[in-house]
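Trainee: Model the placement of chain V on the given structure of chain R, informed by the hints.
Respectively, the protein sequence lines represent chains R and V. Throughout the first sequence, residue numbering follows this note's numbering, covering 411 to 748 in sequence. Throughout the second sequence, residue numbering follows this note's numbering, covering 411 to 748 in sequence.
Sample of chain R residues at the chain V side, in silico, Cβ under 8 angstroms:
#: 1; residue: Gly510
#: 2; residue: Asp707
#: 3; residue: Leu712
#: 4; residue: Arg726
Which stretches of chain V does chain R cover? Using the computed rule of at least three CB atoms under 8 angstroms from a CB of chain R, they are:
#: 5; segment: 449 to 463
#: 6; segment: 498 to 508
#: 7; segment: 514 to 527
#: 8; segment: 699 to 709
#: 9; segment: 720 to 730
Hints listed in this document are in silico derivations from the structure and should not be mistaken for laboratory results. Note that the Cβ used here is the ideal one computed from N, Cα and C, for glycine as well.
Below are the chains, spelled out letter by letter.
Number of protein chains: 2
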Amino acid sequence: MQFASLDDIRAFCRDLARGDAGAAGAAARRQQVLTKPPGSLGRLEELAIWLACWQGRELPRLDHVAIAVFVANHGVVARGVSAYPPEVTAQMVANFAGGGAAINQIAKTAGAELRVVPIELDRPTHDLTVRSAMDEEEFLHAVDIGYRTVPERCDLLAVGEMGIANTTTAAMLCAALLGGGASRWVGRGTGVDDEGLARKRAAIEAALGFHRGILGDPLAVAAGLGGRELAAIAGAVLAARQRRTPVLLDGFVATAAVLPLVRLQSSILDHCRAGHVSAEAGHRALLREFRLDPLLDLGMRLGEASGAGLAILLLRAALACHNGMATFTEAGVSDRDG
Amino acid sequence: MQFASLDDIRAFCRDLARGDAGAAGAAARRQQVLTKPPGSLGRLEELAIWLACWQGRELPRLDHVAIAVFVANHGVVARGVSAYPPEVTAQMVANFAGGGAAINQIAKTAGAELRVVPIELDRPTHDLTVRSAMDEEEFLHAVDIGYRTVPERCDLLAVGEMGIANTTTAAMLCAALLGGGASRWVGRGTGVDDEGLARKRAAIEAALGFHRGILGDPLAVAAGLGGRELAAIAGAVLAARQRRTPVLLDGFVATAAVLPLVRLQSSILDHCRAGHVSAEAGHRALLREFRLDPLLDLGMRLGEASGAGLAILLLRAALACHNGMATFTEAGVSDRDG
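Isolated chain R (complex conformation) (with noise of 0.2 angstroms):
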């Protein structure tokens, strides 16, 4: 295993790899002579030197690019906090390995190569209002499960997961984390009604409550009150983190579970963008939190990586503009105030 106590992940969070600042200053400056006007391209040339800046090479690819979609079953389930029964989990696996959900749709369009990795579908995370959702061991085994699946050759990783009611889990890491209670964080998920979210909220005001000894602790939050997918998402973005492949992180499920890795250190997520703001209702505030930018804004609220595969194509164009355009010098094309 990668981190044989939580003691491992603080080390490592501790002695974050870093991005290439000379490739990133030779991508900005590049951007500058390419035949449009400097700045003209917005957020397209930002991601650009984003990408050359971790991947660490003016021009950067994306050649390799991976789509990893965590799931896994909660406990929390028993507390009527989804729309849909639990065994959807198991059967959305199953439609992901025939081709027929949207990310698989989305994986293809993107030039993605997507990894499903369920966990322990039949063995759910506790109830977490009663007790703790995993051990310290649990949670450890899904973070490296995480860390595992990125691809030793990838020059993108997309992260996203699937498991009934974890908005649930993903907004009771959100208010055990940052606070103001489970109104703020709590939404309607896949489209609970308003018992539905009453429920959500009351299955949140009690974790809270029972948890209440853990919540100065980011790790023990998210083993005590996560989920399997959130703490494999986490063990993802460690491991792109360590390999400085840069990462696009999905919606609020996958956006909360890095959560706890924020909290132990704030400069963990310089390797992530977001890759879109979902219509889910803690995503905004979680992303303003963390001072993230998201790319797209479309009312999306799947999951399955879907939103930061759908941005996947907007780093290609970035760059594709990056390494293709001429420059005003090759073009013959006058500079400004020319």
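Mentor: What follows is chain V alone, placed relative to chain R:
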């Protein structure tokens, strides 16, 4: 010529082709049974239904996608309204032909055919501060070029432009037809300094005074205060409407180009979506005026159909999900509250 007079355009706008409500309804019903919570793909769902509506089939296609970039020169450049010299317009046409511009890379990424249409670059419009930019015949000729640019077989058209000084022309049309004075609509374009900005405002105020007699006639404004590439975009949007081809509009200039048509007939943009909102000052206000919600907001301000071209990628993903996803029944996934 498609239109022998301004009255022909007025008549055309009174009797517009309509979308296929049956196909749109079938597509909307399909979205309800795909393996995702209803509505969870957000605007991707709406976009698929919109494509179905205008293409007239439940399962739309994007086999033939075209990007049209219209290019022209502007007499108002003599007023010092651009950071770049006017010869850049022709130089950029050569850059498009050589494949070195941003839109070349974006078109390739989006799988679109790029059509660059320079319009009489050696005959700039007249300086609109002291006379009509175009007479009626010149205007109709430019509209006709745009009309004829739309390919017979075209599943989707993105329209954009290039022309040194044309953000001044675009702001001109907005100020003339929507009011609020020059300041409401003028921005830095390719990056003018404060003095350049003041010169843009002055040119527009001067033209508003000179042309005050025609401000109530949208097409007279389009001719007298517009530009050839803007007229061509209007022509292309009319041709696309006739053929029920869905259209993605690009930034401030391309959107301002259709403003005269909107003043004739508010439903003229039903077959159009805004590819993005530009960082150019007036674009957001203009889109709000049109009640168009842009698909992207990435701080771009290049023109060349770059934002609309990027949005093609989102449509490809929307279509892939709509056409490729399994239904709940096909995938054996339990539906909600199951």
